[in-house]
Amino acid sequence: MSEHVHAVHPEPDMVQLLTPEGQRVEHPDYPLDISDDEIAGLYRDLFLVRRIDTEAIALQRQGELGLWASLLGQEATQIGAGRAVKSHDMVFPTYREHGLAWCRGVDPLALLGLFRGTNLGGFDPGEHNFNMYTIVIGAQTLHAAGYAMGLVRDGVVGTGDPDRDTAVLAFFGDGASSQGDVNESFVWAGAGNLPVVFVCQNNQWAISEPVERQSRVPLYQRASGFGFPGIRIDGNDVLACLAVTRKALDDARNALGPTLIEAFTYRMNPHTTNDDPRRYQLGSELDTWKLKDPIERVRAYLTRQAQTPAEFFDEVEQEAKKLAEHIRTGCRALPDPTPESVFDNVYVTMPDEVRAQREEFAEFVEAMSS
Amino acid sequence: MSEHVHAVHPEPDMVQLLTPEGQRVEHPDYPLDISDDEIAGLYRDLFLVRRIDTEAIALQRQGELGLWASLLGQEATQIGAGRAVKSHDMVFPTYREHGLAWCRGVDPLALLGLFRGTNLGGFDPGEHNFNMYTIVIGAQTLHAAGYAMGLVRDGVVGTGDPDRDTAVLAFFGDGASSQGDVNESFVWAGAGNLPVVFVCQNNQWAISEPVERQSRVPLYQRASGFGFPGIRIDGNDVLACLAVTRKALDDARNALGPTLIEAFTYRMNPHTTNDDPRRYQLGSELDTWKLKDPIERVRAYLTRQAQTPAEFFDEVEQEAKKLAEHIRTGCRALPDPTPESVFDNVYVTMPDEVRAQREEFAEFVEAMSS
Amino acid sequence: MTSPMTMAKALNEGLRKAMEADSKVVVMGEDVGKLGGVFRITDGLQKDFGEDRVIDTPLAEAGIIGTAVGLAIRGYRPVCEIQFDGFVFPGFDQIVNQVAKFHNRSAGLVRMPITIRIPSGGGIGAVEHHSESVETYFAHTAGLKVVACANPSDAYWMIQEAVADDDPVIFIEPKRLYHAAKAEIAEEPTSLYAARVVRPGEHVTVVGYGGIMPMLLEAAKVSAEDGIELEVVDLRSVSPLDMPVVLDSVQRTGRLVVAHEAPQSFGVGAEIAARVTEAAFYSLEAPVLRVTGYDTCYPPSRLEHEWLPNLDRVLDAVDKVMEY
Amino acid sequence: MTSPMTMAKALNEGLRKAMEADSKVVVMGEDVGKLGGVFRITDGLQKDFGEDRVIDTPLAEAGIIGTAVGLAIRGYRPVCEIQFDGFVFPGFDQIVNQVAKFHNRSAGLVRMPITIRIPSGGGIGAVEHHSESVETYFAHTAGLKVVACANPSDAYWMIQEAVADDDPVIFIEPKRLYHAAKAEIAEEPTSLYAARVVRPGEHVTVVGYGGIMPMLLEAAKVSAEDGIELEVVDLRSVSPLDMPVVLDSVQRTGRLVVAHEAPQSFGVGAEIAARVTEAAFYSLEAPVLRVTGYDTCYPPSRLEHEWLPNLDRVLDAVDKVMEY
Ligand SMILES: Cc1ncc(C[n+]2csc(CCOP(=O)(O)OP(=O)(O)O)c2C)c(N)n1
Ligand SMILES: Cc1ncc(C[n+]2csc(CCOP(=O)(O)OP(=O)(O)O)c2C)c(N)n1
Ligand SMILES: [Mg+2]
Ligand SMILES: [Mg+2]
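Protein chains in written order, with my numbering: chain A, 1 to 370; chain B, 371 to 740; chain C, 741 to 1064; chain D, 1065 to 1388.
The set of hints was computed from the structure by calculation and includes no laboratory data. Note that beta-carbon positions come from the ideal geometry of N, C-alpha and C, so glycine has one too. Possibly wrong hints are sitting among the right ones.
Think about it this way: if two alpha-carbon atoms lie no more than 30 angstroms apart in a straight line, the pair counts; the simulated DSBU-like pairs of lysine-lysine are [claimed, not checked]: (1) A:290 / D:1098; (2) B:456 / D:1088; (3) C:922 / C:787; (4) B:617 / B:660.
Computed footprint of chain B on chain A; a stretch qualifies when at least three of its residues, placed anywhere within it, have a C-beta under 8 angstroms from a C-beta of chain B [what the hints assert, rightly or not]: (5) 104–114; (6) 185–194; (7) 214–220.
The following block holds chain A by itself, in its conformation from the complex (with noise of 0.2 angstroms):
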């Protein structure tokens, strides 16, 4: 049986705003006014995080995490999101959203410890606003319509106050768009109206699944069914995803409703350290992607067009080398959790025959450790 090949192709339609080349383009409905400072700004997001994502990609070969979910290729998609989010916006990932949790500002090592087994989290959502990752497909799109329930009746939506004014972002993958959470989702924000922008990184693989399996059109296209608008962008265009993503999230803010946004991408490895490519996806169509790499056409932009100084790109090494030496470091020395903890926060108030459990579970390590 012969490999995969993908029917759909960016289509006309898609946003574009600096193509792989690095050439800044426009967009007649998505105007978009950046200093190339803050393209540098990006550059260095996009940087960093792909670092933080082979650091962690190492530690795993390395025994230290007993997992990790790739971001590899889908950078500008989080980044430009990540970046269109204002601090007081919520936002909801999945589990490979390590960008977005760098614009959150979200330690890279508080993402470690649930893929090496010390934690199930690791940072606290409210800190951040931004949720816990969500490991089961498609669930957190509806904590994401019921928080923007909550912001809608907190007053926080189309008062006009920007500083007020609050939006939900949601991120969810192409397989996921199958799952009724997700679909239901899509029902309570459009009849609801409510503020909150979906985020789907198309990166063509629900493991080793191609995106026709999920849909045979393009998967913008499901919001207008459910009475929103969907759009689909270059996932790997940051000014893009920056640019349209801003500007639903303004329209959600604004009470304006909700919106759909297609991030057209590609998964550049595999779908997790365990899984293995070779039996379901052609090689060659990871080359067709390699030339539309998400960092290199911000590289030539800054460059050729913005005369960015070669030391902007040594300093930007320099850092993600601290980065990664602060990863490898810390990752290693990240607290085992004691074992009694398994007993804590399972409920808000222990229930006795929990806690009698916990005593003689402690037991057990005490003799098992003597």
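Assemble the complex: chain A is given as a structure, and chains B, C and D with the ligands must be docked to it using the hints.
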């Protein structure tokens, strides 16, 4: 708080072939070549199923049925679709499709057991190619998609042989459109190009909730985002429903994929005999819809345009009387299930532990009855 | 509370009190607004608290629970109504994988003070899926608490305590008692997770909860006429279980019968039997017997009264444990 | 079968045999095609049987189960793969309300010969939702059968028997044994619903199933060194339970320890304890003790080996029942 007034109203794009006044109108995409005799046949169906409904309601009032879900006002959708399917097609109803059941040759009495509490089904789905009534909202749409997958695998789709090619007809309600199951069935049907025709009976209400709680755009539009056509018909126009469903079923049989038909109609009775619509429904809305009665318009056509003789209507009335009598007497004669039957058919092969319980149970029933 | 009221009314009043007590409490579900729910438990609440706090949701249980999770993250205290027991299952994933686990996943940083009301059990002559007993599924799920009210006074107080609880609570409402006998509302609540001896007796302990409690008390009356005194315990909380109360009783009677509507196998009765046998091995004169629904699908309503645990079966079990 | 093989390979071979035996058997799930499933259990099947019989489905468990129901109505025999235990819940409604009840609803006219394969349990260092033990939910559901294989030979035969069964079967695959020790495949199958004494012993009966069986056998070895002979029973079928085998053993030993990974409360151990105590009240020298997962969420993987039932806890329980 004021009573709810529906915002959504019949749209220009709603297919109508017979006006409320009984005027035949043409639709470019849905030419319907039908004789006056055939239309008279449809009148007979409509008239008889309404009588079945009336009798069932009466039986519920008299305590012979525990509950009844009335189809009043929705006869045209069910008869139109029911006469469009071929006997070898498979039909998946909800719990309100007594008109569909009639078209599938199911004795009305076989429907009563479920509502009387003497059984959970009452007829052989295989014999009539008519699935059991499904009470869990939306669940049957996935069954329909799966059955359609079976048809494809059986090679009875798109062969060009009309006696061989088979399609599936799946009914659901406006409220059901919000369920994950229904949207997942759209995913399967679209991505798999399955031979299934979905009919959403939009009777404007999900118990007390107006359709606007489920969607702010017309429901037929839901289909396009899943990659197949959606169309709205005048659900009180039996000819429109016949023509459009026939066309959609032909497409399905010819491997052209699924269609969603939104039948725009109105629930003229309470949700069930337990319901009290005065709490949420405007009486005036009922009055407007009375003018669009699905039976009156056919009668008007037959009398005014087709010069159908009065005898015909008398005959149908006589037939209805007989049918009513059949239902009244038959219902009371429905056998009560034997207690032990509770244990039958839980499994094909009854486990010993269940058999043991069955014997213990039998003893008690013995004791209690003696 | 002065005048006696039905359980339906008591729940309605309790919800009203809960909403008055905390502006973050929102009631959500299918038809809970103008209709007041198919059982009228939320009757009048939308009128008085508005559409923002009494929410008619789209028709999807996963959506109801999933959006409740989001509301909880935002600091709300959602009370979800599942229209009938059998329809909780489309929301099962959100309950088991999110509601139950979120607080633990977040190391205690995010709370899920969600109450999920489930009109439960049989006896009302309903059609399929409208008479299920689903409590065991939730009791077996760490992170959830499961309670069942059995009289108007408990209904009034327990719903308020459940809503005020910072842990998620599955609130089982025995629908066949909604409009059964009216009763006075106690001045003070009993702790939500405490079992209660509703009738003292020296010979046999009979434990149950929810819709069958009146029948168990009836059994105690009948049995007393034969000189056998049943000590009837209303568990009130299925998870956690208030074992001290049950064990104290069994230590005195030496005999235990557990009753519930849910199918017998892998049900609540099994857990109680296992715990009691372990904790009171030498006090038991007889094995713990179970009087429950059978291991079948819920029957067509014409047969439900034979199928459901009834007086005869309870008395028979009592005789059996007495014979040991 | 000649050469020894792993459980993963045995399941793959068993599925192949089942597909060869009946052309109506279709395998469906996420990534079961080219990838052969994340555990490679369906490796090579799509290549050999084609995309019509080995179906990569859209990513939705309700859809996988719901379409399997439709295929069954059409006369097919679907084998659904749930990618990991924790992801069965989105499909829970279709399993409990449709797969389990359809045959009964139709008065026996429509069968649901559906096998739902669930790679289950912990011990593989996975992230959340990938180590759950979900069997009890299904065992408590009338209409379903629940089995668990614990060695390659059973895996090979049981999957074939499950697929051939006209009732729906929840097929629990202990993923931590997929690539554990290879073993010979028996010439003949053992009945799918029969428990098996895997090691005879006179002092204490130890009952378990699935992923912990090797540990229980290990415990028996260690315990034998102290002169305490454990009779180890592999249930194989969780529902129905093969009580005659368990009772026969307990009648001889008088002592019983039940072990499983699933949380203790309202788990399989409770049901076995309740039944054994009722049926063998006078033969029991000690209460039935349970060694199980705790009533908590599944822990982060760094703690799973402390959390899971282990040798020490089994031996401790054995000591306890011996002390009575
Ligand atoms: C409900 C559920 N089913 C199955 C899985 C197993 N699983 C993990 S990731 C994945 C594929 C997800 O694909 P997609 O939504 O495109 O996201 P991506 O991994 O490509 O970012 C699957 C099937 C899961 N986590 N949750
Ligand atoms: C999963 C599920 N949730 C809730 C219910 C209770 N219920 C029965 S009918 C109904 C409304 C259905 O509305 P719609 O889909 O429009 O169908 P209609 O009754 O109007 O024909 C509800 C909520 C159910 N049967 N199943
Ligand atoms: Mg993807
Ligand atoms: Mg409706």
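To see whether the hints hold, each was checked on the structure:
1. A:290 / D:1098: Between residue 290 of chain A and residue 1098 of chain D the Cα gap is close to 24 angstroms, so the pair holds against 30 angstroms.
2. B:456 / D:1088: Between residue 456 of chain B and residue 1088 of chain D the Cα gap is close to 25 angstroms, so the pair holds against 30 angstroms.
3. C:922 / C:787: 25 angstroms, holds
4. B:617 / B:660: With Cα atoms ~28 angstroms apart, residue 617 of chain B and residue 660 of chain B stay inside 30 angstroms; holds.
5. 104–114: violated (count 0)
6. 185–194: holds (count 4)
7. 214–220: Since 4 is at least three, the answer is holds.
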